[in-house]
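2 protein chains.
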Amino acid sequence: MTEVLGTWIDGAPTDVVPVSDRGLHFGDGLFETISIRNGRARFLAAHLERLATGCRRLHLPFDFGQELLRDIDAAIAKAPSLAVLKLIVTRGDARRRGYAPQGGEVPRRVVSLYAAAPRSIPDQGVDLHLSSIVSGDQPALAGIKHLNRLENVLAAREARGAGAFDALMPGADGRIVSGAMSNLFIVAGNELRTPLLDRAGVAGVMRSVVIRECGHLGLALAQRVLLPRDLATADEVFITNALIGVVPVRRVGEHAFKMNAISRRIAEHVETLDA
Amino acid sequence: MTEVLGTWIDGAPTDVVPVSDRGLHFGDGLFETISIRNGRARFLAAHLERLATGCRRLHLPFDFGQELLRDIDAAIAKAPSLAVLKLIVTRGDARRRGYAPQGGEVPRRVVSLYAAAPRSIPDQGVDLHLSSIVSGDQPALAGIKHLNRLENVLAAREARGAGAFDALMPGADGRIVSGAMSNLFIVAGNELRTPLLDRAGVAGVMRSVVIRECGHLGLALAQRVLLPRDLATADEVFITNALIGVVPVRRVGEHAFKMNAISRRIAEHVETLDA
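Heads up: the protein sequence lines correspond to chains A and B, in order. Counting along the first sequence from 1, when you hit position 40 you're at 30 in the working numbering, and nothing is skipped either side. Counting along the second sequence from 1, when you hit position 53 you're at 43 in the working numbering, and nothing is skipped either side.
Honestly, the hints are just simulated from the structure, not real lab data. There's no promise every hint is true.
You can't tell identical chains apart in this list, so a pair holds if it fits in one copy or across any two.
Claimed, not checked - Cut-off 25 angstroms, straight-line C-alpha distance, at most; resulting in silico cross-link-like pairs (SDA-like, lysine to any residue):
hint, residue 1, residue 2
1, K248, R85
2, K135, R47
3, K76, R255
4, K76, L59
5, K135, P8
6, K76, D5
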């Protein structure tokens, strides 16, 4: 991968991982993708909080916080002014063959630094492909950023084939869940609406920032079930993730959105924030 | 992992995998777990057929069949009389950051050989734990043995904690899907019944062997929706996988099964088969 500037595993520079790692065998782990700007890891506390939540949900001991912070500092020291830091935490090496953790596994930290290009999102917004791949209901894993991402891979592949910026993934019952690599918001009058993520999807860090900040911007916020018909009546639509920030959507399938003033106002606001 | 006798990646002995592998990042790949007995890979054709099906479903080119057969032969040459061969095939190294495959990725073959103990299943059968973890509906992935196995990890962890041999995983709607590491059959009179796996679960190789062989044993076969109440009226219950073969179940939650004559007859029959 040409963009990788370096990888450290448990603090040591390397580009290989033991083949016995449960991350490879089962996707037994978590990740975070963090925007680095001028030597600062943006929204780091929120990323670490989600990682800790994920560890708890996977019954993976989160006792490596200090080491991880040192890993991050060391990687940032090598980073250009714009970069991406990807953290992967796995349950570590399998102690026996088979799905069940035996207890006593030692989590493994994989930190990779990537070069990033300046933000280049068109002002008029991006197009989303309506994905044929559902975001499956799995309450035990909903919200956390775990390593089981084949649904996202298949949906992102469709979006790429359709020339779209991202795929919009429905739930099994047809409700809207999220983009393959982003969260979705609808603007309806003075209210932002974003799907509940109790059964599927990843609770994105930029999503949480928008939810936190909307009050300061004079906007109401509702986390609730959103249906395709909510797209038909939306004033604006935007997507979020930690790397792209807030990005207006121009089109989702047959629905076109001519307005994006509120989305752009939010986008400009979150660009000024680092935490 | 003390049981590993050797690992080969793309034919070469090694115990590390590049950190850029999409199997680690997204679980973007497939696996097979094959029983090796006296230098022979049991039911190899069925394993390779499922692997090819999985590749097709993941849009992963299956053009490495000859190399994989050579890998398998080389590993078997090192195998004791009882062994397990685990094949992992990933989409290979990421060509860019992000979920979408870029096209042109080169699949990676990881072949690991493990020592196996002789079959030691109690004649009276094993107990299953009723899992709180559902086997989530995902039609795009149902049936294939992909690397996104966190559900199975969490369910197997519960079973281990409960002292059970395996966990019985329900679907989101309460129907029965499968064990965490096995498929389930119910014996009702002269009929075997096993869940449809069009929305969730892995279509096991030993499951397909039982489905194929039941006619020879004078048993009817129905693949259909099974509900917990079907357990209440079952004569016998058994589970299957490629390593354990056919194993009678003594208890699932509150349901106890006193009979296992048909299950044991099927178990003995499949033990005589290698293909």
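So, going through the hints one by one against the coordinates:
1. K248 to R85: neither (56 angstroms within a copy, 35 angstroms between copies)
2. K135 to R47: both (11 angstroms within a copy, 24 angstroms between copies)
3. K76 to R255: Classified as neither; 28 angstroms inside a copy, 53 angstroms across copies.
4. K76 to L59: Within one copy, since 13 angstroms is at most 25 angstroms while 36 angstroms is not.
5. K135 to P8: Both. Shortest intra-copy (22 angstroms) and inter-copy (22 angstroms) distances satisfy the 25 angstroms Cα cut-off.
6. K76 to D5: both (14 angstroms within a copy, 23 angstroms between copies)
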